[in-house]
Amino acid sequence: MAFLSLLAATAGSSSMLHLKPVDLLIIVIYFIFVLAIGFYLKKFASTGDDFFMAGRKMTAWIAGLSFISANLSSLETMGWSAMAYQYGMLGAHGYLIGAIPAILFLAIVMMPFYYISRTHSVPGYLQLRYGEGSRSVAGISFSFMTIAVSGASMFAMAKILNLLLGWDMNISIWVASLTVAVYVTLGGLLSAVFNEVLQFFLIWLGSLLIPILGIIHAGGWGKMMEAVQRNVAVIHPAVQNADFTSLWQNLGSFGSNPMGIDWFGMFFGQGIAVAFGYWCTDFLQVQRVIVAKDLRSAQNGTIIGAALKMMVPLIVTIPGLLGLAVLMNSDGSPMVLVPESDPRAGITHNTFNDVLPLLMGKYLGPGLLGLGVTAMIAGFMSGMAGNVSAFATVWTHDVYKPLINKKGSDRHYLHMGRWSSVIGVLLSIATAYTLFFFSNILEYLQVLVFFFIVPLFGTVILGMLWKRATPAGGFWGFLIAILFSISMWAFVHTFPHGYQPQPKATLSRGAEVLLTRGDTARPGAISYISIESGTLDLVNVPLYGHERGGEFTVQEQPLYMREVAPLRKTAAPIQILAPEVVVANTREQHKFGVAAVPARISPGVKVRSTFISRRFDPAAFNPDHVKVIARSEKAKPMAVNMYSAWWSLVVCLLVTIVVSLFTKPKPDAELKNLVMGLTPLPREEAGAWYQKPLLWAGVVFAAFVAINLLFW
Amino acid sequence: MEQKEQQIPIWFFIGAIVLIYGVLITGTGILNWLSPPPAAERVALWQLHTDLWWGLLLLAIGTFYVLKFKPASERRK
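As you go down the protein sequences, you meet chains A and B in turn. Counting along the first sequence from 1, when you hit position 89 you're at 88 in numbering that gives the first Met the number 0, and nothing is skipped either side. Counting along the second sequence from 1, when you hit position 40 you're at 39 in numbering that gives the first Met the number 0, and nothing is skipped either side.
The set of hints was computed from the structure by calculation and includes no laboratory data. Among these hints, one or two may not hold up.
Simulated crosslink set (DSS-like; lysine-lysine; CA at most 25 angstroms straight-line) [stated by the list, open to error]:
id, chain 1, residue 1, chain 2, residue 2
1, B, Lys69, A, Lys56
2, A, Lys41, B, Lys69
3, A, Lys466, A, Lys665
4, A, Lys56, A, Lys42
5, A, Lys361, A, Lys222
6, A, Lys665, A, Lys405
7, A, Lys400, A, Lys41
8, A, Lys292, A, Lys671
9, B, Lys69, A, Lys292
10, A, Lys400, A, Lys665
11, A, Lys292, B, Lys67
12, A, Lys691, A, Lys292
13, B, Lys67, A, Lys466
14, A, Lys605, A, Lys590
15, A, Lys292, A, Lys56
16, A, Lys663, A, Lys466
17, A, Lys405, A, Lys503
18, A, Lys42, B, Lys69
So that you can see chain B by itself, here it is in the shape it has in the complex (with noise of 0.2 angstroms):
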């Protein structure tokens, strides 16, 4: 929590941990895009991709909370 001088805002620790996680999953939505599954693995609504613009959606709001709660800039304030 912010009000601890010192302390690490919790809205950072979403933020890394939502970033990577929209690595990981946009990635692997990369892959399944350029390689398909076999037509037995595939989910349903496989063609909509849903893999990679969760993971796009995920990139966006973990890097969003990164760089406005980054511990660097919190001390500046």
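Next up, chain A with everything else stripped away, as it sits in the complex (with noise of 0.2 angstroms):
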């Protein structure tokens, strides 16, 4: 305990939330038992069969509660959370549109496919279907994509420990990540399983309690919705008459919602294009329930799946709601978290992504606090584990087996899992430091899924629904929609007469300052800034009597700073960022990060000004080519990555099946247990009712129309 007591008074001292001993004991204990899970199983993990498919043994029960847990990564609890604050209610269509009607469609039409033929993988599926080639493409770049995906899981993980706890990030990034290659390693996708079934329990557990009190303590759910529509004027006034409470009924247009969407893009893009490539096609998720131990297992427990999913939200959408609705500063006004690309982010103000935290300071105490982190770190480890052990199926079996050696042992492969898990886990702590690339965690994910995911669904369900599809057909439809999703990206980001960022203008450490506050439109704000010393860095920033960059010191006259600088085709405010300076007459540290606010620049202040034009860049989106994917030049990031899914997955549909006609398909004795029509189906009327997956598909189907009509 003595440990723990230092470790916590350690880390208390510079982080936003102070962990008692109790707390850092509960997460301790968490680490233990994982690792013991990992220890334990590495006997039952044996031979190849084990290792990738852990015996294929698995109760419905199982498979589903592994299914939706690998799916509960930090993406899901701090991301999602984020994007409701950021979007409202919209946010919780990922867990109803975006994923209900694609995970029964997993279940009822495509799992006998994928469960009647054998296969390891899906690109294994793709081979018995299409030939090597389909193979290949989706093996590839599953494996970048897992890893990809892997090294998100790891960057927010890392990102929330350093917010919570002080730690740094890179030791969070570390001990995480080899936790989850030790356990990964010894018992493979058994162990895997086992480890996501416990944090399935945990994440519940330790984040329930937060809407719970959440709405408790706004007076229950009307009270918190109505705080919620008052409060987004204050919090997001760029879309202050915007509809953050409704599912459907404000996706009339692009601009009366917060996301920047429209029904079309909502439905077809999310609903079709994305929920049904990421459900029914991502490896990491079918993977989970093809190894049940029958077909109705598999399908029992892909509908579970589908039911739990449906209750994510309450520990997701509610606290991003919550967080609009009370978060308050002390002076009662409500409390403002800004997008990491605001100038104050990180300086006085927390960001969108830091929601979820926050409520957790705000209502849990000493053990329910560890409790919470504790889910948190099992959620993000859990998405980890889960790419990992399917990246190492995907490689041994996709990439290593038919590519590069075909005739190992079955020992051979077994050790070539366990080696790819840990060097899964080095390339996607790799991946982590190069995260920083992209503002939004979860937009990172939406791009992989457009890139891979949506095009190989497309080749996968014409494979499945119609035998005349050919193996080139579907190596073309499947490589030229990942090229177009691709193309499409870079054409988005594209800037034919260049991209010049926002104007910025940063502080260095130490430097002096003056400040005015208060004029007659913002009491109390900084009105007027004059900076006596140190050095300023600016960036697109021209000033008075010296337009030009370079890098000199401001002589005898002082220069002056506008408050908005002239870009290319508009006007942009200019950002001051002051992450550590001195108020010249008080001598007081002080921090801030300000907009539109004009500047005197004294003389003895270094500047380096630089003027940037760039002719891409991945963070910004061009209006006039949004215009051309997304229907209009108001579509924000997340429209134009629904409509991106959505048109690499019609380019996939088109082309593998204009290649199809033109040549020769497979004979049908090829494809039999692989194509419907050619597939013998286990009759439904084996057994009990209640144990029909027909019964509870509609069972779930209509609790899903029911909450889309009781939130429209």
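Take each chain as given, in its own frame, and dock them per the hints.
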């Protein structure tokens, strides 16, 4: 306990939340448990089938819990809470139209083909159905994608542990990822599944208190929604007239909702392309259920997963809405969280991604806070473990075995699976360090999904339902759709006439300033800044009397900075960032981030001024090109991703069909157990009525429709 | 999973960790009730003593799973 007290004191000194020894004890116990499970299960993973497919012996409940837990990663808990804070109820679509129809389709329509073909993986199915070319493209792209998503998971985890505990991000990444590496390497998929089921319970028991206490605090559901719509005017002034409390009625046009999307993009982009791509052909998800003990368990496990998925908004969307309703400053005004790109982010304001940790700090005392943090760590680690175990399977069976070493023994491939788990973790760590490139964690996943997974769905579903689809059609449809996706992504980030980033002035550490506060519009806010000493870095900021870039020291006469700077087509407010400065007249340390505030630069201040114009910027969207992809220049990044996914699916289907019509199909004998009409399906009449997948799929779908109508 | 003869079921592991957490959080809740923290350290809705009743809920869930799925009783089945 002395060690924990020391750790708690050290961590608490620089962190947003203060953990007590009991909280740290709870976290330590969790790590001991998952490692112990990994060591315990090593003896049960002695063959390739045990390691990669968990012996194909799982019950429906374990398969279903694992299916949904593998998806409950950091990207869910933190990212979707941030989404709900940013987009209101639209953030729940990821759990409704963006999941449920697709999961039920997987259970009822696609699972029989996956299961009866006895494939190891989704790329493995492609090999059986189309041949080696399609499998190689899918195997390599999937390996790349799992590593990227796993890296995103690690990055998110490190960030939140840094925020909550003050732990160094590097240490967080290495400790958590090495833990995952140990238990996945020892027990393979069996160990990953065991821990995912364990994590499912911890995630719920650790997270459910926040919505319960938050709604009590807000005075009930109705009062919470009233507060959301009331506070939006202050928190999101740019979209203050948008409706944050509806699922569908605000999707009539791009401008009537905070996501900048319309119903077509939501239904066809998110509901069809992204959802079916992710849930039906992302092997990470499919692997959890194709290893069930029989087809009925695989189908019912998937349906259990759908039912559980619909419940996740309770612990993800509601906290995001609560962030809008109950997070207040000490003066009683709504607390404003900002996007990562805002000049105030991390200086004077927390970001959207901090909404869940802020609520944890508000409601969870000692012990419960430890459980809440453990729930988040469990979520991060289950996401990582899912990706690593899927990577090991696809790498070994769909890349290494067909392309590098075809004649290895089962023992050899078992060793390769173990080693590729370790290498997968190391590659994920490398990816995590590159992730600062994208401002929003979840958008990173969206980009990857529409690159690879959406075209994969188009190829697989045509292969399953249309026996005329040929190997050449499958290969070219898949490959061209991937290239088309990447081209669309490049297109919306390309600026033929140059993109000029937001004008920005950054003050060096220790620079001295004098601040004038208060004007008629914003009493108390900084209204004028005089920079007295230090270094000033300027990007795209012209100064009166010194319009060109370069490095110089201000001489006898002061220079003046405008509130806005002219860009190529428009003018933009100048951001002034001061992460650590000294107020000259009081000698107090201070930090601030403001925009559109005039400034004076005193003699003696060193200035480094650059003017940047880029032809390509992955963090910026060209409105002229956005209009081509998403039908409106008002479409925001999420809308562009949804539309891009839809077009890549359309291209995949069209190319596959056209190429298939001009090439030779496989004979029927080779398509047995792979294509509808040539696959004998088990009779639904066998077994008790309450075990029938179709019945439960109907029940879940009815609940899905009811929820949509209730929150229409 | 239950299918392998010697394997301890996952539900037992879940019960064990939830039981341990239940003990720790209930204990913390009792301590906080008997010796309330300073006002500045109290979380919102502190007066509801959430740690105590949530800890008891964890204790109940953990105890149920441990007793129902303990390895000895699994082997007798």
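Results for each hint:
no., hint, result
1, B/Lys69 <-> A/Lys56, "holds, 20 angstroms"
2, A/Lys41 <-> B/Lys69, "holds, 20 angstroms"
3, A/Lys466 <-> A/Lys665, "holds, 8 angstroms"
4, A/Lys56 <-> A/Lys42, "holds, 16 angstroms"
5, A/Lys361 <-> A/Lys222, "holds, 19 angstroms"
6, A/Lys665 <-> A/Lys405, "holds, 24 angstroms"
7, A/Lys400 <-> A/Lys41, "holds, 23 angstroms"
8, A/Lys292 <-> A/Lys671, "holds, 22 angstroms"
9, B/Lys69 <-> A/Lys292, "holds, 23 angstroms"
10, A/Lys400 <-> A/Lys665, "holds, 24 angstroms"
11, A/Lys292 <-> B/Lys67, "holds, 23 angstroms"
12, A/Lys691 <-> A/Lys292, "holds, 16 angstroms"
13, B/Lys67 <-> A/Lys466, "violated, 49 angstroms"
14, A/Lys605 <-> A/Lys590, "holds, 19 angstroms"
15, A/Lys292 <-> A/Lys56, "holds, 4 angstroms"
16, A/Lys663 <-> A/Lys466, "holds, 11 angstroms"
17, A/Lys405 <-> A/Lys503, "violated, 56 angstroms"
18, A/Lys42 <-> B/Lys69, "holds, 20 angstroms"
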